[in-house]
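Let the hints inform the model, and build the full structure from the sequences given.
Chains as they are written, first to last, in our numbering: chain A, 1 to 112; chain B, 1 to 112; chain C, 1 to 112.
There may be inaccurate statements among the hints.
One copy or any two copies: either way a pair holds, since identical chains are not told apart in the list.
Said to hold, decoys possible - Below are the SDA-like pairs computed for lysine to any residue, each with C-alpha atoms no more than 20 Å apart in a straight line:
id : residue 1 : residue 2
1  : K33       : S100
2  : K33       : Q85
3  : K33       : H65
4  : K33       : H15
5  : K33       : G19
6  : K33       : D88
7  : K33       : V79
8  : K33       : R17
9  : K33       : S2
Worth flagging that the hints you see were computed from the coordinates, not collected in a lab.
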Amino acid sequence: MSSAQLQLSVLVSEHARYGHHPLYSEIVHRAHKFGTAGASVFRGVEGFGHSQHVHGERLLDLSSHLPVLVVIVDTEPRVREFLNQLADVTPLAMLVTTSSVEVLSPLVEEPS
Amino acid sequence: MSSAQLQLSVLVSEHARYGHHPLYSEIVHRAHKFGTAGASVFRGVEGFGHSQHVHGERLLDLSSHLPVLVVIVDTEPRVREFLNQLADVTPLAMLVTTSSVEVLSPLVEEPS
Amino acid sequence: MSSAQLQLSVLVSEHARYGHHPLYSEIVHRAHKFGTAGASVFRGVEGFGHSQHVHGERLLDLSSHLPVLVVIVDTEPRVREFLNQLADVTPLAMLVTTSSVEVLSPLVEEPS
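Here it is as structure tokens:
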């Protein structure tokens, strides 16, 4: 028995900020508030990439910025709904992807 | 040429223990004994989640526990078989998922 | 709106070298030169695996070597083309996989 769900991966620069705190903390905070089953943050040791600013087309060179990965797994409808709540945050990310996963544990009871 | 295989991802709290050692070490130890091609452990820097105890329905708040991710890639039958051997361990995990990957290297010779 | 792309994951030993520098740095360097949108490197804290030498069938026991993961996301044709340029590097890797992802951001403009 398993459950088809969606893994949401958000890659940001460790230096990217939202207000007064790191962007990845903002994402974790919103995930917790939204009620995802969990969120995990992994820090990279090397990398490069680009990030678009919210206001404008200018590309930010992140060659000296280390990547930080936020991973969340939930049902597809809930990931889609959570992404709506990240609409102002995702343009600040280096990369936002989803991928299909089978969740083997913990298995959520279907509401009856 | 590539080979369709399964990636097994087991997310545990760094503080979760099995007997006298960390839960993630128990999983790596069993994977080695089982004979998976490899196992890799990545430590998170932030996160939250829940874990069910084996005995009971009580949820353990892991908000102060950092996540640790164990990743194993092998053929689907072998991952399924290995999961059977983790039956007493997976209820202690925060999240257990599988996902489809194409293995490009190393390519395993078909037994003739 | 999203774009179906390919995630390339290359797992190497942190001690694996290419010329005078670490193998994972060689991969990141080539990805940058090739022009992938980005590359991220994550260092594991535990693991085991095997790696084949380029010249010969001998297996290198990496039980004491920590794993390092390089992750790249790009369009399938570009990942395939980049893999051709890694032909001399992938036999040194512990594991090379691709998997399907949906890229939600940044969305690349179709060339007109």
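Consistency of the hints with the structure:
{"no.": "1", "hint": "K33 <-> S100", "verdict": "neither (24 Å within a copy, 29 Å between copies)"}
{"no.": "2", "hint": "K33 <-> Q85", "verdict": "within (11 Å within a copy, 36 Å between copies)"}
{"no.": "3", "hint": "K33 <-> H65", "verdict": "between (28 Å within a copy, 18 Å between copies)"}
{"no.": "4", "hint": "K33 <-> H15", "verdict": "neither (23 Å within a copy, 24 Å between copies)"}
{"no.": "5", "hint": "K33 <-> G19", "verdict": "within (17 Å within a copy, 34 Å between copies)"}
{"no.": "6", "hint": "K33 <-> D88", "verdict": "within (16 Å within a copy, 31 Å between copies)"}
{"no.": "7", "hint": "K33 <-> V79", "verdict": "within (13 Å within a copy, 34 Å between copies)"}
{"no.": "8", "hint": "K33 <-> R17", "verdict": "within (19 Å within a copy, 28 Å between copies)"}
{"no.": "9", "hint": "K33 <-> S2", "verdict": "neither (26 Å within a copy, 25 Å between copies)"}
Checked against the numbered hints given earlier, the structure breaks hints 1, 4, 9 and satisfies all the rest.
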